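2 protein chains.
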Amino acid sequence: MTQPRYDVIAIGNAIVDVIAPVTHDFLVAEELPAGSMRLIDDERAVDLYAKMGQATEISGGAAANTLAGATMLGLKTAFIGQVADDQLGEIYRHDLTAVGVDFDTPARAGDPHTGRCLVLVDPDGERTMNTSLGASQFLPAEAIDDELIGSTRVLFLEGYLWDPAEPREAMKRAIKVARAAGVQVAFATCADFCVHMHGKDFRAMIDDGLIDILFVNEEEAGILEGSDPDAAFESLAKDVPLVVMTRGADGAIAARGNERAKVSPEPVAQVKDLTGAGDLFAAGFLSGYCRDASLEESLVRGAVAAGEVISHWGARPEADLQAMVAKRLG
Amino acid sequence: MTQPRYDVIAIGNAIVDVIAPVTHDFLVAEELPAGSMRLIDDERAVDLYAKMGQATEISGGAAANTLAGATMLGLKTAFIGQVADDQLGEIYRHDLTAVGVDFDTPARAGDPHTGRCLVLVDPDGERTMNTSLGASQFLPAEAIDDELIGSTRVLFLEGYLWDPAEPREAMKRAIKVARAAGVQVAFATCADFCVHMHGKDFRAMIDDGLIDILFVNEEEAGILEGSDPDAAFESLAKDVPLVVMTRGADGAIAARGNERAKVSPEPVAQVKDLTGAGDLFAAGFLSGYCRDASLEESLVRGAVAAGEVISHWGARPEADLQAMVAKRLG
Chain V
1 MTQPRYDVIA IGNAIVDVIA PVTHDFLVAE ELPAGSMRLI DDERAVDLYA
51 KMGQATEISG GAAANTLAGA TMLGLKTAFI GQVADDQLGE IYRHDLTAVG
101 VDFDTPARAG DPHTGRCLVL VDPDGERTMN TSLGASQFLP AEAIDDELIG
151 STRVLFLEGY LWDPAEPREA MKRAIKVARA AGVQVAFATC ADFCVHMHGK
201 DFRAMIDDGL IDILFVNEEE AGILEGSDPD AAFESLAKDV PLVVMTRGAD
251 GAIAARGNER AKVSPEPVAQ VKDLTGAGDL FAAGFLSGYC RDASLEESLV
301 RGAVAAGEVI SHWGARPEAD LQAMVAKRLG
Chain R
1 MTQPRYDVIA IGNAIVDVIA PVTHDFLVAE ELPAGSMRLI DDERAVDLYA
51 KMGQATEISG GAAANTLAGA TMLGLKTAFI GQVADDQLGE IYRHDLTAVG
101 VDFDTPARAG DPHTGRCLVL VDPDGERTMN TSLGASQFLP AEAIDDELIG
151 STRVLFLEGY LWDPAEPREA MKRAIKVARA AGVQVAFATC ADFCVHMHGK
201 DFRAMIDDGL IDILFVNEEE AGILEGSDPD AAFESLAKDV PLVVMTRGAD
251 GAIAARGNER AKVSPEPVAQ VKDLTGAGDL FAAGFLSGYC RDASLEESLV
301 RGAVAAGEVI SHWGARPEAD LQAMVAKRLG
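Top line first, the protein sequences correspond to chains V and R.
Quick note: the first sequence, position 81, residue 81 per my numbering, numbers continuous.
Quick note: the second sequence, position 167, residue 167 per my numbering, numbers continuous.
It is possible that some hints are incorrect.
In this list, chains with the same sequence are indistinguishable; a pair is considered to hold if it fits within one copy or across any two.
Unchecked claim - Straight-line alpha carbon distances no greater than 30 Å define the calculated DSBU-like cross-link-like pairs of lysine-lysine that follow:
1) Lys238 with Lys262
2) Lys272 with Lys327
3) Lys51 with Lys238
4) Lys76 with Lys51
Calculated from the structure, these hints are not laboratory results.
Since the model is a prediction, treat every value here as computed from it, not as a measurement.
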């Protein structure tokens, strides 16, 4: 078999994060549970944006954040996602390709605009995310190029994108193509609400043997399995070849068959903004996985990448991740 | 006389900063002297942006940065500047009004787009600025509302905006209105190239007694007066009622008639991005000036505000400036 052209191809939301600090009182007044994520319509987006303080715009999107990190860690990657033909769409494409991610999905003309996520960061660094999907919800099945999907080692799917119908069909198609081509399918559940809404679909895919690598956090695993997180982890590990579960301040654990491994969080001088922690954990993990590193090393790589991204605003790494990982692995 | 409605009204560029880290080698390869500022055309903007790494978008513009800081320090302010009717224009208006600056200049339809500044930050925190003025260069004289200009204590003018013809005429008109209404005129020379190009105009305004408060840095003062910075400061102090000169790592000095005062820079844990240091110095200084504080206190306020803005990315303050100033003044 020839070497695949890509290590990871991801399908995900193309979203520009609009990040501003807020007080706990603001979240209470707006009835936004700290740390939650929701989809909002345009009216609410305009209302909430008007109430937010001055903000910073940084490209985001869960799977795209993972690719940015993975690419900075040396992997060959490509992104499939939908931006609009507007200024934020241009910015989005620039930021992704600037770190070396291939991104050839054409921009979509007309309304709606490129997706935005209003990210409210409270004094604890906890982020409350309010996403207006915009063009992202119209990623068409035609954006899935069979030849492209067949040319990667891992296909990475973002659970957030399971919500809108068009991209969900596109992802189902991509899974089919991937399986036929012997490509590993990785799936990130992304958020509580995704599992609440689509947990049955996710479980059915697992039961059908369509998911090779599952990225979850404790809460998502618990909701998915209807049990406490530890029991959920073990039951998922029975049905998914490789499970990676992040546990917030307790680090992360992974299971591959009977093999188990865990990692503690990297010490961080100051946690500024937790946005992207899970995405970058996946990036670091995949940078080990795609080089056939041990579970332990892959987890350490995940912890280093996650530690970097929570030390500053925004969900894309700023520091030299390669150097950080090399230093940590000694 | 009734109390003026505003403390400071500023006329300036409406520019979104696109900020990315670069190496010293990158600047050399692109023939960009570190710390310099230039105007670039659309072609060069596209070329340079394509070569830049992933970036962060934060609203900027020299005078607007000053207003954002001054407002956070308790002053009543308004901004006059030109954005386009596009996404970056909306973001720009949001960020300025979100901190409490009144901004009622209508957006301009059609091309060109809202102005951008590609800010390249090297490992020393020095920023090299490449500005594509966009809509900013078409601020019309009609944007100057005589009644509005007459309702402020200080009219603050941004030297950068002296370059394009339309805004220059608008500013000349505003100066005339201000003088007739007994409003103090403050002028910031902003950059070496502004003084190289328009130093004669600036000197003529000083000679005509049109400038009450002058904000310069050492280099700009030296170019303006054709002498070393100290001699330039003294000669300017003869002709301008109040001169404030920043001196980089040496802090700043001010002269009002025969009175002299100076301040050292505030200690900063880590200098991350020098963008906005001069703008925020002016903000802090004006927050003292408008409350009839001493020159010394006004300079300390300037140093605190400048110290805050260089400790993070972007030229708008993030921390609680009021609290920082209160703590520093004891």
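Hint check:
| no. | hint | result |
| --- | --- | --- |
| 1 | Lys238 with Lys262 | within (17 Å within a copy, 71 Å between copies) |
| 2 | Lys272 with Lys327 | both (23 Å within a copy, 23 Å between copies) |
| 3 | Lys51 with Lys238 | neither (47 Å within a copy, 47 Å between copies) |
| 4 | Lys76 with Lys51 | between (40 Å within a copy, 19 Å between copies) |
Violated hint: 3 only; the structure is consistent with all others.
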